[in-house]
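Chemist: Listed here are the chains, written in short residue letters.
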Amino acid sequence: MSNAKTNAETVHRVSFLDKNSIAIPILKVLQADGTTYESAVLPVIDEALAKKIHDTCVFTRVLDERMLGAQRQGRISFYMTCTGEEASIVGSTAALDDGDVILAQYREHAAIRYRGFTTEQFMNQMFSNEKDLGKGRQMPIHYGSQALNYQTISSPLATQIPQATGVAYSLKMQKKRNIAICYFGEGAASEGDFHAGLNMAAVLNSPVIFFCRNNGYAISTPTEEQFSGNGIASRGPGYGMHTIRVDGNDMLAVLAATQQARAYALDNNKPVLIEAMTYRLGAHSSSDDPSGYRSKDEEAKWQQHDPVKRFKLWMINKGWLNEKEDAELYVKYREEVLAELKVAEKIPLPHLDELIQDVYDKPTPILEKQLADLKTHIKKYPEAYPKSAGRI
Amino acid sequence: MAEMNMLQAINEALSSEMEADKKMMVFGEDVGHFGGVFRATSGLQEKFGRDRCFNTPLTEQGIAGFANGLASNGMTAVAEIQFADYIFPAIDQIVNESAKFRYRSGNEFDVGGLTFRTPYGGGIAGGHYHSQSPEAYFTQTPGLKVVIPRNPEQAKGLLIASIRDKNPVIFFEPKRLYRASVGEVRDGDFVIELGKAEVVRQGTDITLLGWGAQMEILESAADMAAKKGISCEVIDLRTLSPWDVDTVAASVKKTGRLLINHEAPLTGGFAGEIAATIQEECFLYLESPIARVCGLDTPYPLIHEKEYMPDALKTFEAIKASVKF
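Chains as they are written, first to last, in this note's numbering: chain A, 27 to 418; chain B, 199 to 523.
Since the hints were made in silico from the structure, they are not lab data. Keep in mind that the hints are not guaranteed to be accurate.
[Claimed, not checked] Examples of chain A residues lying across from chain B (beta carbon under 7 Å, computed):
no.	residue
1	159
2	161
3	164
4	182
5	192
6	386
7	392
Ideal placement from N, C-alpha and C gives every residue a C-beta, glycine not left out.
Construct the entire structure; sequences and hints are all you get.
Modeler: What follows is the structure, given as structure tokens:
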């Protein structure tokens with residue numbers, strides 16, 4: 027039989043499955059007061075790792091707060107926060123090896139920070155100056171770094187999902203002891219690329235973790251209007267994929283799940299789907315206002331599940347942190363972000379010559395001609411092109 | 199030198215490149231053991247294993263996204279889209295991702311080692327979903343190279359060059375010629391430089407420009423014209439993006455006339471781009487308006503294929519009209 031993949035029994039009466047036929051539990055380790063559940067199995071974590079996770083969360087909170095402010099002041103054009111989703115992002119990244127390749131959607135700057143992206147690098151990207159690794163070609167927050175194995179963000183939604191399958195396959199073929207991790211929101215899971223990427227990973231045996239941040243909203247569209255199944259996790263078994271659902275506001279649960287998912291993916295050359303149940307506390311981006319589509323009460327309820335606070339309390343309980351140290355860290359990063367922001371916004375923009383670089387490995391004759399014509403024109407009307415005219 | 203058809207030449211190019219480059223992988227729908235619906239990948243899985251030559255699920259956007267991922271992480275990816283008509287589900291991955299990987303990342307990442315192979319064009323009684331020539335959708339996208347060979351020798355040399363090129367390439371294969379075009383092909387590996395047109399036949403009265411399967415149409419039309427005492431210069435563009443303006447412009451300055459022939463519909467076709475550039479480069483040399491002999495602005499038909507086609511006779515008429523203008 028060609029459909030030998032099913033060994034189902036036969037029945038003789040009509041009986042449908044529904045969305046509750048697959049009940050997918052949520053892994054929780056850490057309680058709101060910072061203590062762990064009695065029966066919970068903890069992830070592998072020591073004081074140094076906990077401090078690095080906490081440090082990354084604090085930096086990201088500060089960055090989000092400051093840069094949203096900078097956007098409101100008109101200093102940068104656009105911003106997106108990861109506020110409320112730090113445990114999903116940092117908890118998963120902290121389970122990885124530095125050689126694992128990250129393909130993010132756009133809200134995962136905590137992950138590139140965890141890998142070592144400096145405050146200066148963040149600012150250079152957001153101000154599109156000549157030190158931006160991306161050479162000022164994309165909107166703010168589209169970070170990327172070859173050195174940190176963090177692929178540059180692309181605006182179109184979900185395109186990174188089948189790409190992650192390819193990256194993971196390449197790691198396997200290169201015989202590296204590494205995997206790829208792919209972040210996306212529950213909204214992106216509606217795109218065709220989601221299906222293509224997960225199905226190919228399962229069939230072609232790619233060691234990749236698909237990490238869905240189910241944060242409740244895709245811009246203004248709530249999950250009820252995004253999918254009608256049992257979350258995103260229920261799709262995993264349909265692809266023949268190991269799947270787990272975790273409390274996305276629980277740092278220890280995310281860390282534990284991702285550590286084990288990574289080990290499984292690596293040892294078996296198989297993908298894993300993780301659905302993190304979380305909540306986007308901020309707006310989708312600096313361009314929208316969530317008060318237009320959700321209530322203050324709903325947001326207040328989720329404030330009580332603040333993942334950064336919950337993890338902080340756990341560290342305090344462990345004796346690895348105190349309130350004073352925590353408060354000082356916020357002060358330190360507020361000063362650092364502000365200082366670097368002031369430096370970055372004064373750095374010149376990329377030179378006009380960069381305009382035709384990297385379209386191909388070398389500019390084509392047509393591109394060279396177009397640049398020459400453009401320069402001639404700008405020289406004639408320098409006042410109309412103030413960003414480049416002085417530096418031709 | 200050995201005589202072979204275009205499929206054999208393509209297979210030889212893939213095989214020799216996989217031999218030389220251990221990081222190269224060939225994949226797509228049915229390309230594994232079966233060797234692809236046209237058998238271009240025959241024997242590759244047996245030779246190089248299932249990890250390097252394999253079937254994918256039926257998902258063009260998945261194939262393209264997967265290929266982007268492979269190439270972005272240092273592999274050489276040669277992806278087959280079974281028919282060029284079916285490339286459209288993959289267009290976002292190709293146009294927004296493959297084409298812009300290097301630019302948008304500031305050269306932090308690129309997919310230079312990526313080639314999409316896909317059979318294009320009509321003449322096989324395939325109706326519109328097995329006959330389209332969608333090259334113009336891609337020539338408008340900076341970051342992609344678009345290459346089309348006309349015979350087995352060209353197919354081998356251009357495909358090897360495409361695979362080795364440091365940019366994503368879409369390699370359109372004229373399926374009408376897969377078995378029909380047979381010729382001598384150089385042994386071993388060799389490359390034909392991308393971005394360079396070839397003057398196939400010297401002439402003095404008019405320049406005929408085309409690519410792929412239309413080249414034999416142009417040659418027939420040139421033969422017909424010769425009998426009327428008209429000397430045609432025939433040029434194969436070979437690479438549509440970036441295209442060789444200099445070779446075409448030099449020829450038109452010599453002959454004073456240009457005729458462009460392509461199978462794709464006239465409106466928005468690549469001939470329009472060439473005509474605009476050449477009238478700018480050669481305005482004072484032109485003796486007649488630039489002629490376009492192209493497919494009709496209809497979907498590619500099944501039963502009226504012969505009528506639809508920009509064939510030799512239509513080309514011959516346009517040559518005479520141009521010379522007599």
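Chemist: Each hint should be assessed against the structure and marked as holding or not.
Modeler: So, going through the hints one by one against the coordinates:
The restraint placing residue 159(A) at the interface with chain B holds, with a minimum CB-CB distance near 5 Å, inside the 7 Å limit. Taken as an interface hint, residue 161(A) checks out: its beta carbon lies about 4 Å from the nearest beta carbon of chain B, inside 7 Å. With its C-beta approaching chain B no nearer than about 5 Å, residue 164(A) sits inside the 7 Å limit, and its interface hint holds. Here the hint on residue 182(A) is kept, as its CB sits about 5 Å from the closest CB of chain B, short of 7 Å.
Checking residue 192(A) against chain B: minimum C-beta separation of about 2 Å stays under 7 Å; hint holds. Hint status for residue 386(A): holds, given a least beta-carbon distance of 5 Å to chain B, under 7 Å. Interface hint at residue 392(A): satisfied, since its Cβ lies 6 Å from the closest Cβ of chain B, which is below the 7 Å cut-off.
When the structure is compared with the earlier hints, no violation turns up for any of them.
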